[in-house]
Structure formats: structure tokens, C-alpha cells
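Visitor: So the sequences go chain by chain: V and C.
For reference, each letter of the first sequence is one residue, going 1 to 364 in the numbering used here.
For reference, each letter of the second sequence is one residue, going 1 to 371 in the numbering used here.
Misleading hints may appear alongside valid ones.
[As the list claims (entries may be wrong)] Listed next, with one range per pair, are the computed distances between beta-carbon atoms: (1) V:D148 <-> C:A358: 40 to 46 Å; (2) V:G326 <-> C:S316: 50 to 56 Å; (3) C:S295 <-> V:H117: 49 to 55 Å.
[What the hints assert, rightly or not] Footprint (simulated), chain V over chain C, 3 or more residues, beta carbon under 8 Å: (4) 62-75; (5) 211-218; (6) 223-231; (7) 279-293.
No wet-lab data here; the hints were simulated from the structure.
Nothing here was measured: the structure is a model prediction, and the numbers come from that model.
Positions of the beta carbon are idealized from the N, C-alpha and C atoms, including for glycine.
This is what each chain is made of:
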Amino acid sequence: MSLLEVTDLRVSFPTADGVVQAVRGVSFTVEAGQTLGIVGESGSGKTVLTQTLLRLTPGGDISGEARFDGIDLLAIPDEDMRRVRGAQIAVIFQDPLTSLHPLFRVGWQISEMIRAHDKSVSKRQGRALAIDLLGRVGIPQPQQRVDDYPHQFSGGMRQRAMIAMALALSPKMIIADEPTTALDATVQAQILELLLELQRESGTALIMITHDLGVVADIADEVMVMYAGRAAEKGSKHEIFYEPHHPYTKGLLESIPNSSAGADRLKPISGQPPSLINLPTGCKFHPRCIYVMDRCVREEPPLVAVGGDGWHRSACWLPPAAAGLGSQAEEARRKVVNKARDGEAAQVAASISGSPDAEGQVIA
Amino acid sequence: MSVGAGDPPPQHDAGVAVGVPPGSSDAGTDDILVRVDNLVKYFPIRSAELFRRTVGQVHAVDDVSLTIRRGQTLGLVGETGSGKSTLARCIAGLIPVTSGRVWFEDRQITNLSRRKMQPFRREIQMIFQDPYGSLNPRRRVGSIIGEPFAIHGLASGADRKRRVQELMERVGLNPEHYNRFPAEFSGGQRQRIGVARALALRPKLIICDEPVSALDVSIQAQVLNLLADLQDDYGLSYLFIAHDLDVVRHVSNSVAVMYLGRLAEVGPKAPIYEAPRHPYTAALLSAAPAADPESAAQRQRIILVGDIPSPINPPSGCRFHPRCPKARDLCAEAEPALEPRLGDPDTHLTACHFPIEAGESLAAAGRRETP
Ligand SMILES: Nc1ncnc2c1ncn2[C@@H]1O[C@H](COP(=O)(O)OP(=O)(O)OP(=O)(O)O)[C@@H](O)[C@H]1O
Ligand SMILES: Nc1ncnc2c1ncn2[C@@H]1O[C@H](COP(=O)(O)OP(=O)(O)O)[C@@H](O)[C@H]1O
Ligand code: SF4
Ligand code: SF4
Ligand SMILES: [Mg+2]
Ligand SMILES: [Mg+2]
Numbered sequence: 001m002s003l004l005e006v007t008d009l010r011v012s013f014p015t016a017d018g019v020v021q022a023v024r025g026v027s028f029t030v031e032a033g034q035t036l037g038i039v040g041e042s043g044s045g046k047t048v049l050t051q052t053l054l055r056l057t058p059g060g061d062i063s064g065e066a067r068f069d070g071i072d073l074l075a076i077p078d079e080d081m082r083r084v085r086g087a088q089i090a091v092i093f094q095d096p097l098t099s100l101h102p103l104f105r106v107g108w109q110i111s112e113m114i115r116a117h118d119k120s121v122s123k124r125q126g127r128a129l130a131i132d133l134l135g136r137v138g139i140p141q142p143q144q145r146v147d148d149y150p151h152q153f154s155g156g157m158r159q160r161a162m163i164a165m166a167l168a169l170s171p172k173m174i175i176a177d178e179p180t181t182a183l184d185a186t187v188q189a190q191i192l193e194l195l196l197e198l199q200r201e202s203g204t205a206l207i208m209i210t211h212d213l214g215v216v217a218d219i220a221d222e223v224m225v226m227y228a229g230r231a232a233e234k235g236s237k238h239e240i241f242y243e244p245h246h247p248y249t250k251g252l253l254e255s256i257p258n259s260s261a262g263a264d265r266l267k268p269i270s271g272q273p274p275s276l277i278n279l280p281t282g283c284k285f286h287p288r289c290i291y292v293m294d295r296c297v298r299e300e301p302p303l304v305a306v307g308g309d310g311w312h313r314s315a316c317w318l319p320p321a322a323a324g325l326g327s328q329a330e331e332a333r334r335k336v337v338n339k340a341r342d343g344e345a346a347q348v349a350a351s352i353s354g355s356p357d358a359e360g361q362v363i364a
Numbered sequence: 001m002s003v004g005a006g007d008p009p010p011q012h013d014a015g016v017a018v019g020v021p022p023g024s025s026d027a028g029t030d031d032i033l034v035r036v037d038n039l040v041k042y043f044p045i046r047s048a049e050l051f052r053r054t055v056g057q058v059h060a061v062d063d064v065s066l067t068i069r070r071g072q073t074l075g076l077v078g079e080t081g082s083g084k085s086t087l088a089r090c091i092a093g094l095i096p097v098t099s100g101r102v103w104f105e106d107r108q109i110t111n112l113s114r115r116k117m118q119p120f121r122r123e124i125q126m127i128f129q130d131p132y133g134s135l136n137p138r139r140r141v142g143s144i145i146g147e148p149f150a151i152h153g154l155a156s157g158a159d160r161k162r163r164v165q166e167l168m169e170r171v172g173l174n175p176e177h178y179n180r181f182p183a184e185f186s187g188g189q190r191q192r193i194g195v196a197r198a199l200a201l202r203p204k205l206i207i208c209d210e211p212v213s214a215l216d217v218s219i220q221a222q223v224l225n226l227l228a229d230l231q232d233d234y235g236l237s238y239l240f241i242a243h244d245l246d247v248v249r250h251v252s253n254s255v256a257v258m259y260l261g262r263l264a265e266v267g268p269k270a271p272i273y274e275a276p277r278h279p280y281t282a283a284l285l286s287a288a289p290a291a292d293p294e295s296a297a298q299r300q301r302i303i304l305v306g307d308i309p310s311p312i313n314p315p316s317g318c319r320f321h322p323r324c325p326k327a328r329d330l331c332a333e334a335e336p337a338l339e340p341r342l343g344d345p346d347t348h349l350t351a352c353h354f355p356i357e358a359g360e361s362l363a364a365a366g367r368r369e370t371p
């Protein structure tokens, strides 16, 4: 049994402008001790998805199931949820100041969190534990820094303090939501290294949410690519980076400036992500997809196996042979697409290369 | 370095190049659009009490010299607070400099009066990181893009509208959206609005301060392609600030690496990326996550100790010494000069007493190495 098993999770928010369909049927599993990387553009639903697991999305209409260690996180009473949060599943946010209270000393906050879950810990013990944790996450002179306020810490140190807090109760799983996005490269490298090291030591499972494919390439075992509230593709890190099937995944990889390619022009994905209130018909990526077929405009593809041992899955009507970045895969895509495009899709395809926002294209 | 921010700059005959422009080599000085000589910018720190005394200085930019060539891109990288934006604003004449000079073509443009600076403001434009914050939300796009025409009294009425719509088309915006508000555009489109406005007066230099950092990768590529096309068509020069080293590598001809207000290394792109001399450049490059699992697995990461120190009291000697894996006693005592090292050509300058030699691995020299 997987540590976490999420099935058909849906979250929508009723707003004045209409219903925001933030998460539209996502299923995935996380194994103990493993790292799942979730990537996608901003607004693709990464944060809502994971916050919902901790029931931190008030106002959202939620359906689906999320079994963690046998219990359904979406069905248990609030009180039980409070015990799960922090103790079983800890969260690290992009901005540590959202979780560190500015008016209380860092060490005190860590200590109080431990004491809230374990009443037998005295204040003194709590403080000692806080010092120990701050030391473990690489804060220099933790005995002195334990009494600092959050603003006395640098960005990198605050993120370390957050990690210390996340580790405090030895959770089985940590959700890290863009934990290094606000940090400089050299500090980001320190923090990722720290997370990996701690994970190796403690066997904690990790969900790493990021829009940075570099971070995923670095630390994930499995990867889920999200687009418009759904999983576009899922697979091992190797499959996603070297055998991508979904045109969106392929587009993301190809739009990164790549030194070895040495090309003068980049290959962007044309257009922009859809509004979650007014989603396109069929495949939600079809208005931007250069492989769009008639079927894509009408029917939303399910997430199905496209190769490997069945764990590599993609939500795209292209055949399994379309997986890959090489010319063979491109041939396979072209062959299918040419036969499956008459009226509708042909028009969409034409509008993609002709639209003003397409490929940074220049109208002279 | 005693020239106050409000003082007039030291007098120099315009047109006479003083000293050797850093980075110059075979190409003549005609090739150089902007030259920065020993630029210093300190920000006073004032006490909170009534007579706000100056209690210290932020050494935001401390003795930086560089050149920007015509039609080329100089990439500027460095961690937060290293002084990139401050340097950019000094070059654009948006803030007075503490000392040093900025030359534009053959004219000295440091600390000019508003009126004297006016013609140069047309030649030097800026694009900022935040496509949300840098556009006035209550003004229509047409008026935002047309603002430079209004300020410089260059076009009005139907003529202005026509020229704005031409610009909109040029940057890939629908000219029919002339009357829309910024909020009605996506992040990438807002950045195009900023580009159109910067382009309005046909500048020679555009300073891009993190122009794509806030954009998702697929949209980022659209904007980078647009900037490249405009450079080709109009012979623009760019000073391109970014923290994404892959992006900088893609767009730049030369790269300058800043650390705590100083240049650590500057030179043509290839040697900087392939054989960096300065330990900080090497660390920065090794820290950047590559979007490729195999190279990520092979890479020898140099994990630096600690954070970038405060620019209020920068470390003695080499400012990088508290974090440098190669630091020795000399580094804390003497400031290394920015000069060609180990037989490098005079286009490639490094400020380090113990520059990295060919084949040397810093990950092994590290105080704390990674497995
Ligand atoms: N108006 C100001 N008053 C005082 N200090 C300032 C001012 N502007 C900048 N600084 C300081 O100068 C230093 C350099 O800042 P600058 O904005 O140039 O850095 P940067 O390299 O652009 O950083 P980032 O990557 O975060 O944009 C910083 O320590 C900053 O806090
Ligand atoms: N409380 C809310 N009410 C309405 N819309 C919301 C709410 N929270 C999130 N959303 C919307 O849900 C979508 C997904 O958001 P999010 O999960 O934060 O994206 P990501 O983390 O992938 O950038 C966005 O369009 C966002 O604006
Ligand atoms: S289903 Fe069709 S439109 Fe969607 S990604 Fe696949 S080919 Fe493109
Ligand atoms: S001068 Fe010394 S401390 Fe500075 S970068 Fe070189 S080796 Fe490191
Ligand atoms: Mg988010
Ligand atoms: Mg800046």
C-alpha cells in the first residue's frame, strides 16, 4: 500500500465571475521515502491540490479521496486533521513568513509546535529540541540564534527554520511548495541539498512542488506534470525528461534555453494557459497544441499508460509511439496528426501559428 | 571616492576617452556604446531619531567598470543584493552616482541635470521584472505605451495612436486592444507592453532588469525570442540582468558576475561558462539546477557556506572570502584586482588571487563537499 493514495480529487471555487475549476480529477500515489515532483505553470492547481490534502482550502467544493496511511484525509473530523498536520504531514511554503510569526522568537515557535502535539515536553526540553533542530538544518550557532526573531534571519535561514519546524515532529511526509523559488541559486542549492540529506536520514516522503524543471531533475523520483487542474503526464523522472509523451511536457522541456542546443531561437509554447472559469472544450491544451486533432477539440483525453511498465501515463490522444524527443517520435506524431485533422482542428492549428501571441512571432 | 551624490561630477573633455576601456581589445572604441568607469553608489543609512544622522553606508555598487558594445548583449548576474539593479539605475541616470563616470557614446552622462539628461533618456530605456507592478493599472495600454511620445512631445493625437498601434503589432500584441487595461492582459503580454513602451523612442540601449523572471518558462521563451528579433532588426544593445544562468547564457555575448557591489569576473560568454576563473562564478554555475536529470546526477555541486553578507560592512580583502572554498590568509587582507589572470586575454578579467586553473575541481577543494 502506498503512503498516500489520491483518487479523482476535484476542487472548485465558486466566485463572482463563475466557478474556478482549480483541480479537475487528479489521482496519484506517493510511496514512503520517495520524492514526487509536481511541476506546472502558475495557476495550474499545484498549490490548491496539496493544500486540499491538508484541508487548507476553505470555500472550495471538494470531492474525491485521499488515503494517507489508511485514513481518508478528506473525511476525518477537523480535530483529527489538526493532529495529522505537522505531526504526520508537514508543509514548507515558498514564503517562510507565512508560517513563521513575525512577533515571536524562532526557537519559541518551534518549541511551542512540538509542545502542542506532545504535552509531556517541558519548555526547557522544547527549547533544547529547537536548538538541536536549528543545528541540524545548518543554522550556525543555534544556541544564540534560537532567540532571534524571524526578521533577524536571512531568507535562506528562514527557509531552514521552516524545515526545522517541518522536521520537528518526524512526519511521514513533507509537502514543500516552491520552497526555494524565492532564494538565490547558491542558497537554493544549499536548501535542496539539506532536504535530500534529511530525507535520506529519516526516510520521509516528499512532495516537491515547483515550476522549475531544474529542481525536479535534481531531486524527484517520480514526476507529475499539471496543466489546467489535471495531470497531463506522470512518470519516472527519466520518462518525463527523456521520453515525454504529452505535447505540453515536450513543449516545456523545449522552451528552456539549452546551452547544448546552441540554437539562436527558443521554441516557446504559443499562447497562454486557459482561464479556469472558461475552460476550452476537449483537451484543455488544444488551443496551444501544434499536434491538435479533431478529436482533441471535442473529447478530453483520459490519463492512460503510454509505455514502460504502465506507470508512464499521459492524457493525450497521440499514440504511445509519440513518446520521445527524437525524430522517430516526431514522425509518429506527424503521421497520426495528418490523418486526423480536417475542418475543426486544421482551423485551430492555423490559428496557433498565426495568433499574435504565437512563438513570440513578429509581425513586421 | 569622495564625490557626494549632489556634487557636480569631475570635469572631463567630452569625447576624450580616459584610460583604457575595460574589456576593449581588437575592436575600436567606436564599437562601444556605454562605458562605465569606477562607478560607486553608496546609500546612506540614517538613524531613526529626529535629526536623521547618517550612521552607515550601503555599499551597493563599489568601483565597477565595464563596457557595453553596440548591438550586443552584456549579461549581468549575481545574487540578490549584489547591486545589479542599482548599477542599472545609475547607468540609466535614474539615480545620482556617488562617484565614477558613465559614458554614452562619446558623452559623459554622469549626474547630468534633468534638462541635460533628457536627450539621453530617449537613448536608454528600461524594462523591469514585474509586469504587474511596473504598469499603472488605471491607465489604458495605449496611453502607457504612448507615454514616452507625450513626455518628449514627439507625437500626438491620431499620429500617436498610429505609432502606438505599430509598436503593439511589432511586439506581438493585438493593436485592437489599444483601449484595454493592464489587468486584462496575461503576464507575458504585460511584459510585451513594457517592451513596446521601451521601444517607442528607438533607443540604442535597453536595460532589461529581470525581464522574464516572473514568467512561466513557456511564456519566457516567447519574450526572449521577441527581444532577440528586436535586437537584430534595430541593432539594439542590451544590458540584461537575470538570475537564471541558462537565460543569460542564451542571450548574452559577454557576461559580468557581480558579488556584493563588485565585479568578480567579466568576459566573453564562452570562457565564463565553460572555464570560469573566479570561485564565485564556478559556485554560481554549479548551483544552478540543470533541467536534465543525467547532468544533474553527474554534476559536482560546490555548496557555499552561509549567505551573501551585508553590503553595509562588506568583508575585508576579497569580499567573497568568508564563503570561498579556496580562501587563504591573503584573501582576507588584500583586495584582488580585476585583471586578466593565468594568461587570459584582456577581455576576460577576474578579481581573484587564486583563480581556478584548467582542470581544477572546486567541489573537491570545498570546505563542505557534496557526496
Ligand atoms: N534606495 C536605497 N536605499 C538604501 N539601500 C538600497 C537602496 N536601493 C538598493 N539598496 C541596497 O543596495 C544593495 C544592492 O541592491 P540592488 O537592488 O542593486 O541589488 P540587486 O543585485 O538588483 O538584487 P536583486 O537580485 O534582489 O534584484 C542592497 O543591499 C540593497 O538593499
Ligand atoms: N480561494 C480561492 N478562490 C478562488 N480561486 C482560487 C482560490 N484558491 C486558488 N484559486 C485559483 O485556483 C487556481 C489554481 O491555483 P494554485 O493551485 O494556487 O496554482 P499553482 O500553485 O499551480 O500556481 C488559480 O486559478 C487560482 O487563482
Ligand atoms: S490530446 Fe490533442 S490537443 Fe491535447 S495534447 Fe494531445 S495532441 Fe495536443
Ligand atoms: S581572492 Fe581568495 S577568497 Fe577571493 S575568490 Fe579568490 S581565492 Fe576566493
Ligand atoms: Mg502555487
Ligand atoms: Mg534587482
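Visitor: Compare the structure with each hint and give your call.
Guide: Right, here's what the structure says about each hint:
1. For the hinted restraint 40 to 46 Å between D148 of chain V and A358 of chain C, the CB-CB distance of approximately 44 Å keeps it satisfied.
2. G326 of chain V and S316 of chain C have their C-beta atoms about 54 Å apart, which keeps the hinted 50 to 56 Å range intact.
3. Checking the proposed 49 to 55 Å range against S295 of chain C and H117 of chain V shows it is violated: the Cβ atoms sit about 41 Å from each other.
4. Coverage of a stretch by a chain is defined here by at least three residues with a beta carbon nearer than 8 Å to that chain's beta carbons; for the segment 62-75 of chain C and chain V the count is 0, and the condition is violated.
5. Check on the segment 211-218 of chain C: 3 of its residues sit with their Cβ under 8 Å from a Cβ of chain V, so the three-residue criterion for coverage holds.
6. Only residues whose C-beta sits within less than 8 Å of a C-beta in chain V count toward coverage, and the segment 223-231 of chain C has 6 of them, enough to reach three; the restraint holds.
7. For the segment 279-293 of chain C, the stated coverage by chain V is satisfied: 10 residues place a CB nearer than 8 Å to a CB of that chain, which reaches the threshold of 3.
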